[in-house]
Amino acid sequence: MSTIKQTLNVLWLQSGGCGGCSMSLLCADTTDFHGHLRAAGIELLWHPSLSLASGSELLTLLQDIVDGRLRLDALCLEGAMLRGPGGTGRFHLLAGTGQPMIDWVRRLAPLARDVLAIGSCAAWGGVSAGGGNPTDACGLQYDDDRVGGLLGFDFRARSGLPVINVAGCPTHPDWVVSTLMGLAQGKLGSDDLDALGRPRSYADQLVHHGCTRNEYYEFKASATRPSDLGCMMEHLGCKGTQVHADCNIRLWNGEGSCTRGGYACIACTEPGFQEPGHAFLTTPKVAGIPIGLPTDMPKAWFVALASLSKSATPKRVKLNATSDHLVVKPAVRKTRLS
Amino acid sequence: MSRLIVGPFNRVEGDLEVELTLRDGFVSSARVTAPMYRGFEQILQGKLPGDALVYVPRICGICSVSQSVAASRALAQLAGAEPAVNGLIATNLILAVENLADHLSHFYLFFMPDFCREIYSDRDWHAQARERFLPDSGESVRLALQARQRWMTMLGILAGKWPHTQTVDPGGSTRALDASERMKLQTRLREFRMFLETRFFAAPLEEVSALSTQKALLARWSEPEGTGDFGLFLHIARDLDLQQLGRGPGRYLSYGAYPLADGGLLMPSGVWREDGWRLDPLDCQSITEDATHAWLHQNGGALHPFTGLTLPDAEKADAYTWNKAPRLAGEVVETGALARQLAAGQPLLRAAVASGGGTVYTRVLARMMELATVVPAMETWLEQLEPEAPYCRPFSLPHSGQAVGLNEAARGSLGHWLRVEGGRIVNYQIIAPTSWNFSPRDAAGQPGALEQALAGAPMRQGETTPVAVQHIVRSFDPCMVCTVH
Numbered sequence: 003m004s005t006i007k008q009t010l011n012v013l014w015l016q017s018g019g020c021g022g023c024s025m026s027l028l029c030a031d032t033t034d035f036h037g038h039l040r041a042a043g044i045e046l047l048w049h050p051s052l053s054l055a056s057g058s059e060l061l062t063l064l065q066d067i068v069d070g071r072l073r074l075d076a077l078c079l080e081g082a083m084l085r086g087p088g089g090t091g092r093f094h095l096l097a098g099t100g101q102p103m104i105d106w107v108r109r110l111a112p113l114a115r116d117v118l119a120i121g122s123c124a125a126w127g128g129v130s131a132g133g134g135n136p137t138d139a140c141g142l143q144y145d146d147d148r149v150g151g152l153l154g155f156d157f158r159a160r161s162g163l164p165v166i167n168v169a170g171c172p173t174h175p176d177w178v179v180s181t182l183m184g185l186a187q188g189k190l191g192s193d194d195l196d197a198l199g200r201p202r203s204y205a206d207q208l209v210h211h212g213c214t215r216n217e218y219y220e221f222k223a224s225a226t227r228p229s230d231l232g233c234m235m236e237h238l239g240c241k242g243t244q245v246h247a248d249c250n251i252r253l254w255n256g257e258g259s260c261t262r263g264g265y266a267c268i269a270c271t272e273p274g275f276q277e278p279g280h281a282f283l284t285t286p287k288v289a290g291i292p293i294g295l296p297t298d299m300p301k302a303w304f305v306a307l308a309s310l311s312k313s314a315t316p317k318r319v320k321l322n323a324t325s326d327h328l329v330v331k332p333a334v335r336k337t338r339l340s
Numbered sequence: 210m211s212r213l214i215v216g217p218f219n220r221v222e223g224d225l226e227v228e229l230t231l232r233d234g235f236v237s238s239a240r241v242t243a244p245m246y247r248g249f250e251q252i253l254q255g256k257l258p259g260d261a262l263v264y265v266p267r268i269c270g271i272c273s274v275s276q277s278v279a280a281s282r283a284l285a286q287l288a289g290a291e292p293a294v295n296g297l298i299a300t301n302l303i304l305a306v307e308n309l310a311d312h313l314s315h316f317y318l319f320f321m322p323d324f325c326r327e328i329y330s331d332r333d334w335h336a337q338a339r340e341r342f343l344p345d346s347g348e349s350v351r352l353a354l355q356a357r358q359r360w361m362t363m364l365g366i367l368a369g370k371w372p373h374t375q376t377v378d379p380g381g382s383t384r385a386l387d388a389s390e391r392m393k394l395q396t397r398l399r400e401f402r403m404f405l406e407t408r409f410f411a412a413p414l415e416e417v418s419a420l421s422t423q424k425a426l427l428a429r430w431s432e433p434e435g436t437g438d439f440g441l442f443l444h445i446a447r448d449l450d451l452q453q454l455g456r457g458p459g460r461y462l463s464y465g466a467y468p469l470a471d472g473g474l475l476m477p478s479g480v481w482r483e484d485g486w487r488l489d490p491l492d493c494q495s496i497t498e499d500a501t502h503a504w505l506h507q508n509g510g511a512l513h514p515f516t517g518l519t520l521p522d523a524e525k526a527d528a529y530t531w532n533k534a535p536r537l538a539g540e541v542v543e544t545g546a547l548a549r550q551l552a553a554g555q556p557l558l559r560a561a562v563a564s565g566g567g568t569v570y571t572r573v574l575a576r577m578m579e580l581a582t583v584v585p586a587m588e589t590w591l592e593q594l595e596p597e598a599p600y601c602r603p604f605s606l607p608h609s610g611q612a613v614g615l616n617e618a619a620r621g622s623l624g625h626w627l628r629v630e631g632g633r634i635v636n637y638q639i640i641a642p643t644s645w646n647f648s649p650r651d652a653a654g655q656p657g658a659l660e661q662a663l664a665g666a667p668m669r670q671g672e673t674t675p676v677a678v679q680h681i682v683r684s685f686d687p688c689m690v691c692t693v694h
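So the protein sequences, as listed, match chains A and B. Sequential numbering from 3 applies to the first sequence in the numbering used here. Sequential numbering from 210 applies to the second sequence in the numbering used here.
Quick caveat, the hints were computed from the structure, so don't treat them as lab data. There could be a bad hint or two in this list.
Cut-off 27 Å, straight-line C-alpha distance, at most; resulting in silico cross-link-like pairs (DSSO-like, lysine-lysine) [stated by the list, open to error]: (1) A/Lys312 <-> A/Lys301; (2) B/Lys256 <-> A/Lys287; (3) A/Lys320 <-> A/Lys331; (4) A/Lys287 <-> A/Lys301; (5) A/Lys189 <-> A/Lys7; (6) A/Lys331 <-> B/Lys256.
Computed beta-carbon distance windows for the label pairs [as the list claims (entries may be wrong)]: (7) A/Leu54 <-> B/Asp448: 13 to 23 Å; (8) B/Arg391 <-> A/Leu339: 33 to 43 Å; (9) A/Gln187 <-> B/Ala563: 22 to 32 Å; (10) A/Arg202 <-> B/Ala425: 58 to 68 Å; (11) A/Glu45 <-> B/Met403: 30 to 40 Å; (12) A/Ile251 <-> B/Met403: 46 to 56 Å; (13) A/Glu45 <-> B/Arg399: 42 to 52 Å; (14) B/Ser431 <-> A/Leu328: 50 to 60 Å.
Glycine included, each C-beta is placed from N, C-alpha and C at the ideal position.
Next comes chain A alone, as it looks inside the complex:
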């Protein structure tokens, strides 16, 4: 490993979340999970699902980090920071320690070269901050869409970077692994993060990019019911044209994505997605026009193009859009000139 001088020591802790980002990580596209990490210079000091060490063995390791005996390069936090009740952090006391997890995070974060929020709960609060936010959950450096969170506006890890928000619900295994590989290679800097601290390697794309329903989108041939093949933007709540993530390029579990699974993109990489202000799977509209229009597209243009394309929709696209399988096949044509 010529590009790696020393291993990247990774500590992974979980708090107010479901553990799904760890489960997603185990779906990483490799035939040799641990070998892949090793070859990339990533050393898991401890992970809740993947380490033999338990109980007092972990507490010793944490103390070694606190006392400076063990170098911490990347602190990965999964799950929201539970500040309640009344600021005590009692909603999660780290087992075996009697101390609030938020205190452990406050203690460990300044010691880490980089701090990563794994998933939308750790990044913004996410689903754990839903409803009336009963546990006063927040993200590491965001409280919903406001900068701050547990560690505060001014927090910088030892590297000088703010918290790296590998957001998603769950996050994609490859977003995590490629971010850790970038850190291990010393190739991830502030220019590689977007305005919300997300790695641009996935956040510079929109979910719309590579969507298999794009022909339906072009003609505004819309699905009206779950399992229909048409575009889900007009009626079924899909936000793929606005949401930052490469889900339809870097596919999930082999060849999947939400839209390929027959359901809307609910914006799970974006802060505040858990409280959209409307039914998740129904598109909110004003005067028949969806409120959330495609990113970077002026409304007048969208309306003009939509009405034009609707009037020009081929019968095939129109009929297939409201069916769960192809009812009209594409015509067979000669494609050469002579």
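Use these hints to put chain B onto chain A, whose structure you have.
Same frame as chain A, but now just chain B:
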């Protein structure tokens, strides 16, 4: 007499602490603490009922589909809807992929690594165990993760992604499959069968599922080598007498698993009782939750989940966990793959329980039996899909009403109780498998299933934290994020 606090307990899903009282080299009593609370039942209040399908899978990242299935069954009951047959079958496939992946993860990632510990360095199998099951370098762990990764690509096709799919719908499945996708799924199923038949059992699945006696099992898998990872487990189990370790309450709850197109179930519901040696019918009306020892408002005693409440009270005296104590007609029950196998009358598991009870050994053995029986069922289900028939039926939800959605998750019986008024959720109560298994004491002082199973666990020479406790706790395959949600 001394006290010992064990935690953080890893290789379980979520955070867990166990407090032990030790006397004369044995655990004399135990208290189990679920140390984290998120408040999903509070978050769901006031929501649109259909939106539950976005929130509830996010209760748990390891049994996410199970939560979706329970919610979708509750909503279907509320709407009086029946899923399309294709959708019913597709949902069974999605759920089975998750459940079997959980069994695989439990064995290779959570349970077996404890046998690599130094405390066992004098055992004849120790070197083999380390070679296969050390978490970061074990050869079997590598191959199991590879098989699991490939297995989960079935959900890329069937459900868009895992965890947290929205494909599971009260009307069926939102993802219709074409003929070529079905073939792709058949290929993946075959790969998983191959892994199980070569690396895991070293035998055809049908040979495993046909087992009816302990004698036949031990005759066939008598050696630690050449008999797969299953054979090594059996060897270790015999050596450490895991059949006598961690005996539970002797009552086993199953809601019944995998509804079939003909109206039946692949595995029946019921309560198997060691006392009486019979299967009683399931009576959901007799389920209550008791918050006496939870950091939750007591709300007037033990309540049925339709009227139950989940509201934090962090300063409550005598409380030691965020989990309530679910009880069935006042009794402590155990739930999981073992309960399903006993309800189904699988002869090997009934024989094993007859001789040693519900223990570390029988809990693990039941999961293995489920791997061997559910994969062939999935092969049949794939054949039953009709490519051009509907996958999802329309339905409409009433403005008010109440409904329950029951499901068997990998870890056992999962229930969602839902009440809707004015088109909004007014109460949503969830009882997860580990809520049952890892319940605290109730008002009558009855310890929960794990708390009972830990009493009597031995300390080995030179131990500060008994490894037996690790085995007993993990034999339930606890999911703490489901337990307290």
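Here's how the hints hold up against the structure:
1. A/Lys312 <-> A/Lys301: The hint holds at about 16 Å.
2. B/Lys256 <-> A/Lys287: holds (20 Å)
3. A/Lys320 <-> A/Lys331: OK: A/Lys320 and A/Lys331 at ~12 Å, within 27 Å.
4. A/Lys287 <-> A/Lys301: holds (13 Å)
5. A/Lys189 <-> A/Lys7: With Cα atoms ~13 Å apart, A/Lys189 and A/Lys7 stay inside 27 Å; holds.
6. A/Lys331 <-> B/Lys256: violated (41 Å)
7. A/Leu54 <-> B/Asp448: 13 to 23 Å: holds (20 Å)
8. B/Arg391 <-> A/Leu339: 33 to 43 Å: The hint (33 to 43 Å, Cβ to Cβ) holds, given that B/Arg391 and A/Leu339 are roughly 39 Å apart.
9. A/Gln187 <-> B/Ala563: 22 to 32 Å: violated (59 Å)
10. A/Arg202 <-> B/Ala425: 58 to 68 Å: 59 Å Cβ-Cβ, so the 58 to 68 Å window holds.
11. A/Glu45 <-> B/Met403: 30 to 40 Å: Given range 30 to 40 Å: holds, Cβ gap about 33 Å.
12. A/Ile251 <-> B/Met403: 46 to 56 Å: At 31 Å between Cβs, range violated.
13. A/Glu45 <-> B/Arg399: 42 to 52 Å: violated (36 Å)
14. B/Ser431 <-> A/Leu328: 50 to 60 Å: holds (55 Å)
Hint compliance for this structure: hints 6, 9, 12 and 13 are broken, all remaining hints hold.
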